[in-house]
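Based on the provided sequences and hints, a complete structural model is requested.
Residue numbering for the sequence shown follows this note's numbering, starting at 49 and increasing by one per position.
No wet-lab data here; the hints were simulated from the structure. As the structure is a prediction and not an experimental result, all values here were calculated from the model. Beta carbons are placed, not taken as given, at the ideal position from N, Cα and C, and that holds for glycine. Be aware that one or more of the hints could be misleading.
What the hints assert, rightly or not - Pairwise CB distance ranges (calculated): (1) Thr50 - Asp113: 21 to 27 Å; (2) Gly81 - Glu128: 15 to 21 Å; (3) Asp98 - Ser78: 16 to 22 Å; (4) Asn86 - Met49: 27 to 33 Å; (5) Gly112 - Asp75: 16 to 22 Å; (6) Met49 - Lys114: 33 to 39 Å.
Unchecked claim - Taking lysine to aspartate or glutamate and the DMTMM-like style, the derived pairs with C-alpha atoms no more than 25 Å apart in a straight line are: (7) Lys73 - Asp98; (8) Lys88 - Asp113; (9) Lys131 - Asp113.
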Amino acid sequence: MTQTKTFIPTGVCSRQYEITVSDGKIDRISVVGGCDGNLKGIASLLQGMDVEDAAQRMSGLRCGDKQTSCPDQIARALREMQK
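Laid out in structure tokens, this is it:
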């Protein structure tokens, strides 16, 4: 089953994530805003990865003195998709 959802992150520079998951694997992540090169790199590395593995690796990461980060927000979005 393929599922695509749009998420609005909070507390980070990026403004929107569109995530497509098929059979528990990440197909595609598209990001609006944020650090373009870094987020393209993260999206590329996550492609084909198991949703739960990706969420575990990125959950809780912080950006500077912020309580969250773009990877942490992506992890939250991935977990939301699993519900």
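Against the structure, the hints:
1. Thr50 - Asp113: 21 to 27 Å: Given a distance of about 38 Å, which is not inside 21 to 27 Å, the answer is violated.
2. Gly81 - Glu128: 15 to 21 Å: Holds, since Gly81 and Glu128 (Cβ atoms, about 19 Å apart) stay within the stated range.
3. Asp98 - Ser78: 16 to 22 Å: holds (19 Å)
4. Asn86 - Met49: 27 to 33 Å: Roughly 30 Å apart at Cβ, these two residues keep to the hinted range, so it holds.
5. Gly112 - Asp75: 16 to 22 Å: violated (30 Å)
6. Met49 - Lys114: 33 to 39 Å: Given about 34 Å between the Cβ atoms, the range holds.
7. Lys73 - Asp98: Holds: Lys73 and Asp98 sit about 4 Å apart, inside 25 Å.
8. Lys88 - Asp113: holds (23 Å)
9. Lys131 - Asp113: The hint is violated at about 30 Å.
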